[in-house]
Every structure is written in structure tokens, then in C-alpha cells.
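S.K.: One letter stands for each residue in the lines below.
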Amino acid sequence: MTYRSFNRWLAGAALALAAGLGLAGSAAADDDMTFALISHAVPGDTFWDIERKGAETAARQLGADLIYAHHPAAGQQATLVQNVINQGVDGIALTLSHPDAMRGVIAKADAAGIPVIGLNSGLNEWQSTKVFAYIGQDPVVAGAAFGDRLNTTDAKHVLCVNHEQGNVSLARRCEGIEDTFDGKVSTLYVNGQNMTSVRSRLLAKLQQDPSIDYVATLGAPYAMTAVRAIRMSGRPVSLTTFDLNSRVISAIERGKIRWAVDQQPFLQGYLAIESLWLKATNGNVIGGGQAVLTGPSFVTAENVDQIAAFAKRGTR
Amino acid sequence: MSDTMTEQDNTARAPGWGQRLAALIKRPEIGSVGGAILVFVLFFVLAEPFRSLASFSTVLYQSAALGIPAVAVALLMIGGEFDLSAGVAVTTSSLAASMFAMQVAGNVWVGVGFALILSLAIGALNGYLLIKTGLHSFLVTLSTFLMLQGLNLAVTKLVTGNVATGDISTLSGFDSARAVFSSYFMIFGMSVSIIVFYWLAFVVIATWILLRTRIGNWIFAVGGQGESARAVGVPLNKVKIGLFMGVGFAAWFMGMHLLFDYVTVQSGEGVGNELLYIAQAVVGGCLLTGGYGSAIGAAIGGFIFGMTTQGIIYAGWDPQWFMFFVGVMLLLATVFNAWIRRQATRG
Amino acid sequence: MSEQAPLIRLSGVSKSFGPIDVLQNINLDVPAGEVACVLGDNGAGKSTLINIIAGLHQHSGGTFEVDGRAVHFDSPRQALDRGISAVYQHLALVPLLPVWRNFFLGSEIMRGRGVFARLDKARMKAITDDALRQMGIVIKDLEQPVGTLSGGQRQCVSIARAIHFGARLLILDEPTAALGVKQSGVVLKYIAKAARESGVGVVFITHNPHHAYMVGDSFAILARGEIEMHARREDLTVDDLIYRMAGGAELESLQHEMGR
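Residue numbers (our numbering), protein chains in the order written: chain A, 1 to 316; chain B, 1 to 347; chain C, 1 to 260.
These are calculated hints, taken from the structure and not from any lab test. Positions of the beta carbon are idealized from the N, C-alpha and C atoms, including for glycine. Some hints could be false.
[To be verified] Covered stretches of chain A, as calculated for chain B (at least 3 residues, CB under 8 Å): (1) 125-138; (2) 184-190; (3) 201-208; (4) 285-296.
So here's chain A without its partners, still in its complex pose (with noise of 0.2 Å):
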């Protein structure tokens, strides 16, 4: 390739990225509300998908528009929400699972007359900032539940194993059940983006521990990846999991999985635009000052049935 004829080749992707742009942008320009939902989620995240649907499924019952952007580094995301704010948004709904990070940006938003509801994470610092409701799971009281029901069984050593070390939200559902469970709980930090290495560490700490009874992985992908590693070991071993998805649906039904935590994403990215719109259009403030709470709700073997039609569809 030439020069001259790379440099056109140039022009034509710039061309044809700007009119990609301009379609998305189109979209933003007319009278209809716009709403952002800025999340920390690392990308291709499962269960934010589900979030971002319930969001968008608020959105087109309200005729609204929603921007999503998402990044899991805290500087990235003030900046994301910097920009919404720039593009003059009716209402922000963030994941405050970096709560000093974003104290600036949800001041800025609030002297720029936006509202910012809080969501997903953050149930101990939403008061201490400007967002003007929180809605979500309570992390700790979703692993006491998690500690709770694990006290109803035969339980003696739970591994708690915890893809994201460092996050906040994930390592306080490990908390909640070390509040609750009468036995012994170990934690364990394996790599979410590299599934391999998730199964190999599980499977070592497995052979390491023969005293381990029950595996609670706190995201649904990685329940799958524990059901095999288990099996591997060749130990009777329980799996619990946090979080939903369809093929962890299928696992329960099974039997492989005894139960899962849902904290209902869909609803959390429902309700925040919801009460975004009902703010913004009403006045309407949500929750009295108190943490809305989505979670925890239990999947088992016994209710699984009805949950199963939605997961399919992507929605649980």
C-alpha cells in the first residue's frame, strides 16, 4: 500500500466511524429524556449485562434514552460520569463500589441540577454523599443469610472463592458469612479473566484442604468452572454460589449447585432509572432515607422452576 493510498484508506474509516457516531448520537439529540448508567463493571461482565437490560427495559417503558458506560478503574469512572454530566443528562445512576472517587463528580452533577442515585455498591458511604437514594443488595447481610442457610446444614469448612481481589463489595459477602457461620471459612483470590487458572487454584486448594466441605464462589460463571473442579477432585464437596445465570439455573436443577443468592441485577438497573424518571419528572424520592434492597433472594432447588423461563431470556 502506498502511502497516499493508506492515508485514503484513512479517511474513508474516519468517514465511516464518524457516521456510526453520528447514528448513536442521533438517537441522544431529540426532546426524550436521557438517563446514564455508569457502572464499574470490568468488561464482559455477565451480571452486568443483566443490570444494563433492566435498565434499558426502564428506559424504553419510559420513552427515555439511556447511555451506558462502564470502566473498573475509579478514575475512569468519575471521568465517564464527568462526561455525562458534560452532555447535560436528566439523571446518572452509579455503582459506588469506589465511593471517594466519585464524591466529586456526584457534587458536580448536583450543582448541575442532575440527579445521581446510587446503586449495586456502596451501602455503607451512599449517605455520606449527594446521591439522593441507594438501591441494592447489602453485601454483608447477603452473606449473613448466605452464613445463616449454610448453619441449616451439615456444613463444617466453607472456601470462599473470590475472583476480583480488592473489591470492596465481593470481599464483604466473604465477611458476612464469617459473621454468621458457625464453622471455619478460608478465602481464596483467583483470576476472573483467566478460567483456566480459576479451575487450577481451586482444585489445588481443594487437594490442599481435605477439611473443605462447601465451595461458595461469588459470581455465576465461576460456579460453573467450580462445579468441574470439584468433580475433578474427586471429593464430596457442596457448591453455593451468589449470583444467577442460566447455566447455574441448570446446574441447581441438577443438583449440582444447591443454591445461588440472586440480589436481582435486573431490578437494581430497573429501579435506579425508574426512580431516576420519577425524581425528575415528580419530585419523587425513594426509600425514606434508607437503602432500597433487592436481595438476598434465594434459588433452590424447590423454586427453581419458575425462575428458570426468565434466565433463559437473559433477565435473572
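Using the hints provided, position chains B and C relative to the given structure of chain A.
M.R.: Leaving out everything else, chains B and C in the frame of chain A:
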């Protein structure tokens, strides 16, 4: 005089045992052998569960999972180039196979074939861009890495409506594909994944190519001094594109294993692995500047990494410190490795 | 000069890169068995001249004949096929590669067929050893990387390689520039030997008139893209060559200007 001449003739044409041994310890991988022994002995002593055969098979599995792409990456690095897109290219391949099989073909083998073509094309594109732009491969493959990462997420969402692929286990051909890419064998009472054997086979083939074929000679030459190689008629561009396609092939292979072993694939997986592949190749004796290294070394580098990540768990060290320990062990193995290599090549 | 056509003949060859003329009206004959020295300062156009002969560049004007036939090379490979082989100062060998692998790089000898085709190590090592010994160089361990040889040995290895692979015309780009006195001697001896005994033509590029005069049969001084002087050995003393090389009349007038 004539006596010394004939003696020199003999040594040049039929090396004796002493010389063979001397040649052996000058091999690029010699340091990593030392590092591997060090790590093995350390965990053998410290971690009681590490001594069992079942543990060993887990270590082997983890080593192979990282080691298969690392072998191809090692060849590429000997050829003087990097590939930062190798980690996500694995995910691209499994996503492509899964989606194509599900949405278009209805048979997983068609998806497998489609993914192979796609992976080889990505490798060829990397090589083509490298040659056409004249930029460093670090930049070129960083761009493709970012592009693939974005494509993985966006196309998966576009095609499936989700961020993970659906369950392909009900499609026709699944069982035979699983047998090929992720079956397990019982050996000495331990369950060994088939990828361990593929890994060893790839190492043997790569070593054969490197040391015994014309192409191997060319790989060393283009990495060592590309212009010299070109001046004596080595097709430098073809060699480089071929090496990138080799990485594409390894990414495809690993992608197929992931797909058929784990059934669904999350579109965000694979990020970060590219650096582990490069690290293994370097621990195994590849120079970052190209022209020197070995496939066996990369395999041993993978083994060191596998032993380390598993060994720390077997040793029951505080899980909060896991990554720190991995770093320390890698540093230890690498320093020891460099020291041995210096001893071996001295004089 | 014999009646048969010289190995290569350049008549009125010029080369421009866009608006810049790099070479103008170059005439040069190199017969078999002779060493033609091309002298000149940096930027005189020596590299461009080599690149044209070696097939890396194409000349823009004039004719370039090999064995009496006009040629236009598209690649070094074509030049190689005609027996023209360039040995570059820094780029000749791959330092980390063993001696024998360097020697056969790009022309490896294979044994076996199909997927089992493999390098014939023993044969290539033996041939390398013989070729080097013929030129008076003994390297004990042919597995040692070329980078561990001395500078003079490295040059000799690349020259021996070119001759072994049928070079009839060798282009040597500053083969002695980076070498000490003793090492230069080794290489010069070797160049003379190659021309006299193997009958190859040599284009010896250098900026050292002493080295040139030791082995050269003809001398061309290149300055600003033109041949400033062309003479045969019998018409020239080493002092003439040094004087002309240093800029001759120009230098004289400079001396005059500076009043010394």
C-alpha cells in the same frame, strides 16, 4: 602439525561427550532448568500436598494452558517480534467458534474451522501491518490487542445479546470436538488433560523446526539481524508473517480447549495472559531483542509458572499475599536462571 | 584489459532520488580476477553505487552490464543469481547464530523429504570448515556464535561464504573500517587471495588509500556523486592516491588560503 589438524577435524565433525556436554549447558534453556528445579524443590519441601500425583497433574494442566501459546510466542520472539494480542486472541477464537457454530452452522466443527481461519487471519494481519507500517511490533500488536478486546465484547453482544456465549454442548459434533480438545486420561491414577500431551507435542515440533529445518535457521536470523538475513535471500516478510500466524494457530488451539472444556466463554476473558506468555518465553531463555531462545525453555518457563501459582496454594500461604508470592517466586526463578546461564556461558 | 567483456561494466550510470541526484555519469569496469577500489568520503555516493550493483536499488540512467548484457535488477536475489554478492560492513552476519548456520543462511543443505526434510548439519559443518581452511582460517568450534569471532575473522567468514556460493563479483563495503592494523592485514591478504586464486572480481569500497593500494588493480575516487579520478595501478603511486583522495588541488588552494 598434521596430528593437530586431524584432531581438529575430528572435533569439528564428530563431537565427543565432553563437547556435547559443554554444548548442552550452553543451551538457552539451561538457566530455566535450574529455576524449575529450584521452585520444584522448594514446594516439594514446603508443601505436603504438592508431593501427590494428583497435584502434579493440576500443575501440568496449568502449565500447559499457559504454555501452548507461549511456545508460539517464543518462536515469534526468537524471530524478533512481540505479540500483545495473543491473550485476547485466544478468547476471540473461542467466541468465534461458539457463535459461528450456534448462529450459522449448527455443527461445532464448522465453528472450529471458522475460528481457525479467523485466528490465522488475525496473525497474518498482525504480520502484514508490522511490515507495511514499519512500526515496532509492540505498537502494532498493542493496537490489535485493543481492537480484538473491543471486538470480543461488541460482537458477542451484537450476536448473542449477552456478554457470554450460549451453551454449545447440545450442538452436533460437540462430543467429538470435546474428545479432541479437552479429554482426560488416567495415568498412574491421576487424571491428565489431553492438552498436556499437545503441549509436549508442540514443544517437540517447535524445537524440531527451530533447530533442524531451514525455516528455523531463518527464524533465528531474522530475529538476530533481519537485514543481513534479507541480504542473503531469506524471505524476511514471509518468515515474520508466518510466525505471527503460528501464534494465531496456538491461540486458536487454546481457544478451542477453553470452549470445549468450559462450554461457554465470557467475552472479557484472556486480558493479561499475553504478558504471561512473554514472561515464560523470557524465563525460558528468549532474548527480548530476538535472535536467541528455545521452545523447550518456554515450556519450562510455563512449568515454573504453573508450579508457582499452584505451589503457593498447596503451601497454604496467606491468600491475601498470593500475587506478591507469585512475583517473588518469579523473580527468584529468573535471578537464579540468569545466574546459571552466566555460569554456563562463562569462558 | 582482455577482449572478453568485463564481469560488470557501468557506463554513464546515474541515480536520483526524486529531485536529488546522488550519482552522475559513473563509468566503472571490473574484470574477473581484479580488485577495483572505489574510494571516497562519507556521502560521496559509495553506498548508492554498491546498492545499484547489488540489486538493492535501480539506476535511473546509463547502462549497467553484466557479462556484456545490460541488466536492471529488481532484487538482491537477481544479482546473487548472476554471481554478484555484496558483503556489508556491519550487516554481513547474524551475530548470535553459529558460524556454520551463518555460512549456509539462505542456502541451507537439506536431507530427507517432505515433513522430514531437515538440515544436513554434518555436511554443512564439514563444508564450512573446508571453505574456511582453504582461505587459511581455522575455527575450532563451528557452533560458536559468529559474534564471538574477531572482526577480521567475521569479515573473512562472510567473504568465504560469498565465494563458496558462486560469487564471481564481490562487493566489499569498508571491510577494514572497523578493524585494527593486524586484523586489517588478515582481511586484505584474504581479498588479494580471493581475486588472484579464485579469479573473482572485487569491488573494494574504502576510504583508506593505504589499504586500497595494497590490493587494488584500479582506483576510482568518488566525490559528490561523480568519479573524480580513475586510474590503473601502473599509472599511480600510493602518494598520488593519498594526495588525490585528500582532495588534491582543493586541499592545495585551502592551504594557500590559510597562508601556510
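S.K.: Take the hints in turn and mark each one as holding or not.
M.R.: Going through the hints against the structure:
Only residues whose C-beta sits within less than 8 Å of a C-beta in chain B count toward coverage, and the stretch 125-138 of chain A has 0 of them, not enough to reach three; the restraint is violated. Figure legend: the stretch 184-190 of chain A, annotated as covered by chain B; annotation consistent (4 residues with Cβ-Cβ distances under 8 Å, at least 3 required). Judged by the Cβ-Cβ criterion of 8 Å, the stretch 201-208 of chain A is covered by chain B as claimed, because 6 of its residues qualify and three suffice. Look at the stretch 285-296 of chain A against chain B: 0 of its residues bring a Cβ nearer than 8 Å to a Cβ of that chain, fewer than three, so the hint is violated.
Against the hints set out earlier in the document, violations occur for numbers 1 and 4.
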